[in-house]
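As they're listed, the protein sequences go chains A and B. Residues 1 to 143 (our numbering) are what the first sequence spells out, left to right. Residues 1 to 513 (our numbering) are what the second sequence spells out, left to right.
It is possible that some hints are incorrect.
Unchecked claim - Simulated DEER-style distance windows between Cβ atoms: (1) B:466 with A:88: 26 to 34 Å; (2) A:110 with B:186: 16 to 24 Å; (3) A:59 with B:197: 51 to 59 Å; (4) A:8 with B:21: 39 to 47 Å; (5) B:140 with A:9: 36 to 44 Å; (6) B:468 with A:81: 49 to 57 Å; (7) A:34 with B:491: 45 to 53 Å.
To be verified - Covered stretches of chain B, going by a simulated chain A footprint (3 or more residues, C-beta under 8 Å): (8) 47-55; (9) 170-176; (10) 249-256; (11) 263-272; (12) 458-471; (13) 479-486.
Stated by the list, open to error - A few chain B residues that don't get close to chain A, going by computed Cβ distances all over 10 Å: (14) 12; (15) 133; (16) 187; (17) 194; (18) 195; (19) 205; (20) 221; (21) 224; (22) 226; (23) 286; (24) 301; (25) 352; (26) 389; (27) 406; (28) 420; (29) 423.
Treat the hints as calculated values from the structure; they're not laboratory data. Where is the CB? At the ideal position from N, CA and C, for every residue including glycine.
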Amino acid sequence: MTDRIFGVVGLLLAIGFALSALTIEESFLSDAVGPKAFPIIIATILGLSSLVIALRPDAEPIWPPLGRLAEIFAAAVVMVLYAEMLPVIGFIIATFFAAGYLTWRLGSGVVASILTGAVTSLGIYVVFHLVLGLSLARGPFGF
Amino acid sequence: MDTLSSLADGFAIALTWQNILLALLGCFLGTIMGALPGLGPSNGVAILIPLAFTLGLGPTASLILLTSVYYGAMYGGRISSILLNIPGDEPAMMTCLDGYPMAQKGMAGQALTLSGIASFVGSFFATWGLIFLAPQLVKIALLFGPAEYFALFALAFMTLGGISSTNQAKSAFAAALGLGLAMIGVDTQTGVPRFTFGEVHLYDGLDFLVAIVGLFALSEVFIFLENRHGEADGDAAKIKVGRLTPPLSMIKQTTPTMIRSTILGFLAGVLPGAGASLGSFIAYSFEKRLVDKDGKTFGKGDPRGVAAPEAGNNAAAGGALVPMLALGVPGSGTTAVLLAVLLSLNITPGPLLFTQNPDVVWGLIAALFIANFMLLAMNIPMVGLFTRVLMVPPRILMPVVAMVSFVGIYGISGSSFDLLVMVGFGLMGWMLRKLDIPLVPIILGTLLGNAMENNLRRAITIDNGDWLTLIDSPLAIGLWSFAIIGFIIPLIVGRRVKAKMHARRDEENAISD
Numbered sequence: 001m002t003d004r005i006f007g008v009v010g011l012l013l014a015i016g017f018a019l020s021a022l023t024i025e026e027s028f029l030s031d032a033v034g035p036k037a038f039p040i041i042i043a044t045i046l047g048l049s050s051l052v053i054a055l056r057p058d059a060e061p062i063w064p065p066l067g068r069l070a071e072i073f074a075a076a077v078v079m080v081l082y083a084e085m086l087p088v089i090g091f092i093i094a095t096f097f098a099a100g101y102l103t104w105r106l107g108s109g110v111v112a113s114i115l116t117g118a119v120t121s122l123g124i125y126v127v128f129h130l131v132l133g134l135s136l137a138r139g140p141f142g143f
Numbered sequence: 001m002d003t004l005s006s007l008a009d010g011f012a013i014a015l016t017w018q019n020i021l022l023a024l025l026g027c028f029l030g031t032i033m034g035a036l037p038g039l040g041p042s043n044g045v046a047i048l049i050p051l052a053f054t055l056g057l058g059p060t061a062s063l064i065l066l067t068s069v070y071y072g073a074m075y076g077g078r079i080s081s082i083l084l085n086i087p088g089d090e091p092a093m094m095t096c097l098d099g100y101p102m103a104q105k106g107m108a109g110q111a112l113t114l115s116g117i118a119s120f121v122g123s124f125f126a127t128w129g130l131i132f133l134a135p136q137l138v139k140i141a142l143l144f145g146p147a148e149y150f151a152l153f154a155l156a157f158m159t160l161g162g163i164s165s166t167n168q169a170k171s172a173f174a175a176a177l178g179l180g181l182a183m184i185g186v187d188t189q190t191g192v193p194r195f196t197f198g199e200v201h202l203y204d205g206l207d208f209l210v211a212i213v214g215l216f217a218l219s220e221v222f223i224f225l226e227n228r229h230g231e232a233d234g235d236a237a238k239i240k241v242g243r244l245t246p247p248l249s250m251i252k253q254t255t256p257t258m259i260r261s262t263i264l265g266f267l268a269g270v271l272p273g274a275g276a277s278l279g280s281f282i283a284y285s286f287e288k289r290l291v292d293k294d295g296k297t298f299g300k301g302d303p304r305g306v307a308a309p310e311a312g313n314n315a316a317a318g319g320a321l322v323p324m325l326a327l328g329v330p331g332s333g334t335t336a337v338l339l340a341v342l343l344s345l346n347i348t349p350g351p352l353l354f355t356q357n358p359d360v361v362w363g364l365i366a367a368l369f370i371a372n373f374m375l376l377a378m379n380i381p382m383v384g385l386f387t388r389v390l391m392v393p394p395r396i397l398m399p400v401v402a403m404v405s406f407v408g409i410y411g412i413s414g415s416s417f418d419l420l421v422m423v424g425f426g427l428m429g430w431m432l433r434k435l436d437i438p439l440v441p442i443i444l445g446t447l448l449g450n451a452m453e454n455n456l457r458r459a460i461t462i463d464n465g466d467w468l469t470l471i472d473s474p475l476a477i478g479l480w481s482f483a484i485i486g487f488i489i490p491l492i493v494g495r496r497v498k499a500k501m502h503a504r505r506d507e508e509n510a511i512s513d
């Protein structure tokens, strides 16, 4: 079933890609092929392969239970927040929270998570910023 | 003789303090990354790329660092295969079959030393193979016009599909997806924006480094979150390495194995689309068929079963560099990542690389020799150090991997937008891995998409819009027939073989090397 759904989604993606390719504005100075042809070839391959996947599905993959899916979603949300907050609160604080959260969700205890978060954040700061001179996000306190 | 004098020049470049230190650092990090389950050559190299850039390393220095990591990971993968029966990376999965039984018999130290020697033999001779084969391939590639290049890219995608997944349709889907992603941005020939949906950030196209780090490194974090692998602490406490030196008779017994496996592995590596995993698989299967017809000793701790896959995968790693350097078409996941490095440094691999940037090519090759000796030293007398690394549990390791990925990408662009795109790619990578869609064709597509399209358009424009020009020359026809054969054969015979090869991989959910 998964592959059938995936195939249909892929097919829709291919159609969307092809339609979007058709709306590309042609420049008046175009070469013999133009900017549309190759994307349309790609869309065709994408569509055909999606069709085959939908019609001849593989064995069902093992999907994790809902709780695990929520776990992955939550981690992605934390990463998005991390990306957004990085320039606002600075590298050390943001990384402390993000790394601490991830290690907590991977099974560390609360104290161990706080420690891991702090060590990861400070460790990366020292190695990458102080030793190697990489520019990290600066927060209101300059780090 | 020409080759040898170029090699001597290469040594002059590689033997600077900076480059030796970089090679040493690369070998060390590579071995660790190879040994740790969850980090392999492709994601290990991927998270280090941004670092190499932001440090302002030149092309030669960056490549030396990153290929040392690549070679190192090939060595390191065997450590956890032998000690824990968990392949440290995908190419090392065949090493589990005989390595772990050897460790159970109390011969872990001997298995580690033997596989270290086999790794050395494999990569040492493969580097010589690279030296002699790559310039020959360059001579052929110089005859290529745009039509032939287009056919060559098609060949790479079609043969890659035959090997990287059990389902050809899924490989084709992955390749098309990657090519489609490469189309995003302003068209280089006419200047019109494509698939940008008015988002200014997308006018430059998607940065393939962002895609690579997201797909390879972040998706791994999600896989661990899904399985809560993190709870499984390393069992390294129980490991007893024991005596390190194998008896001379064992080395004698395995020498022919190493030679055969090196040759097979190298050839498997050179084939476009096949990487180190295929090299170790072919070497092991061939050896088993040759010396153990009745299945009496293989799988029960036969030293030859340890030497064969290790020589095979290291030789394939060297072999995979041949098409990457000589043609600009990588043969495996990690060489695709290395290609990304070259492209980001504005160096186009391919035949002209050998004439325009001989310092990069030969400096790299010389560094590979040096790295090989360093790795031999690190992986035999100092192997105990790396077995300790295995005790770092994934619940601590994985957040570090995620954070280093973010730091690297942020260091290049300084933009939150790229980080968001990377998270998106991470989720997509997780999803696609669940669906058994191979990731390597996607990366290859995003890397080669624009070059492929440019060659297509150039070929047809030269011939005034005649599409038949694509199959006009004998060379192009040859490449196309190869491509079609490479796509069809796995459909007929490959399913069974690949199913066997992937059976073990699925347990680990690993990405291709």
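Each hint, compared with the structure:
{"no.": "1", "hint": "B:466 with A:88: 26 to 34 Å", "verdict": "violated (57 Å)"}
{"no.": "2", "hint": "A:110 with B:186: 16 to 24 Å", "verdict": "violated (49 Å)"}
{"no.": "3", "hint": "A:59 with B:197: 51 to 59 Å", "verdict": "violated (36 Å)"}
{"no.": "4", "hint": "A:8 with B:21: 39 to 47 Å", "verdict": "violated (53 Å)"}
{"no.": "5", "hint": "B:140 with A:9: 36 to 44 Å", "verdict": "holds (42 Å)"}
{"no.": "6", "hint": "B:468 with A:81: 49 to 57 Å", "verdict": "holds (54 Å)"}
{"no.": "7", "hint": "A:34 with B:491: 45 to 53 Å", "verdict": "violated (33 Å)"}
{"no.": "8", "hint": "47-55", "verdict": "holds (count 3)"}
{"no.": "9", "hint": "170-176", "verdict": "holds (count 5)"}
{"no.": "10", "hint": "249-256", "verdict": "violated (count 0)"}
{"no.": "11", "hint": "263-272", "verdict": "violated (count 0)"}
{"no.": "12", "hint": "458-471", "verdict": "holds (count 4)"}
{"no.": "13", "hint": "479-486", "verdict": "violated (count 0)"}
{"no.": "14", "hint": "12", "verdict": "holds (27 Å)"}
{"no.": "15", "hint": "133", "verdict": "holds (32 Å)"}
{"no.": "16", "hint": "187", "verdict": "violated (4 Å)"}
{"no.": "17", "hint": "194", "verdict": "violated (5 Å)"}
{"no.": "18", "hint": "195", "verdict": "violated (6 Å)"}
{"no.": "19", "hint": "205", "verdict": "holds (13 Å)"}
{"no.": "20", "hint": "221", "verdict": "violated (7 Å)"}
{"no.": "21", "hint": "224", "verdict": "violated (6 Å)"}
{"no.": "22", "hint": "226", "verdict": "violated (5 Å)"}
{"no.": "23", "hint": "286", "verdict": "holds (28 Å)"}
{"no.": "24", "hint": "301", "verdict": "holds (31 Å)"}
{"no.": "25", "hint": "352", "verdict": "holds (23 Å)"}
{"no.": "26", "hint": "389", "verdict": "holds (16 Å)"}
{"no.": "27", "hint": "406", "verdict": "violated (7 Å)"}
{"no.": "28", "hint": "420", "verdict": "violated (5 Å)"}
{"no.": "29", "hint": "423", "verdict": "violated (5 Å)"}
Hints 1, 2, 3, 4, 7, 10, 11, 13, 16, 17, 18, 20, 21, 22, 27, 28 and 29 from the list above are not met by this structure, while the remaining hints are.
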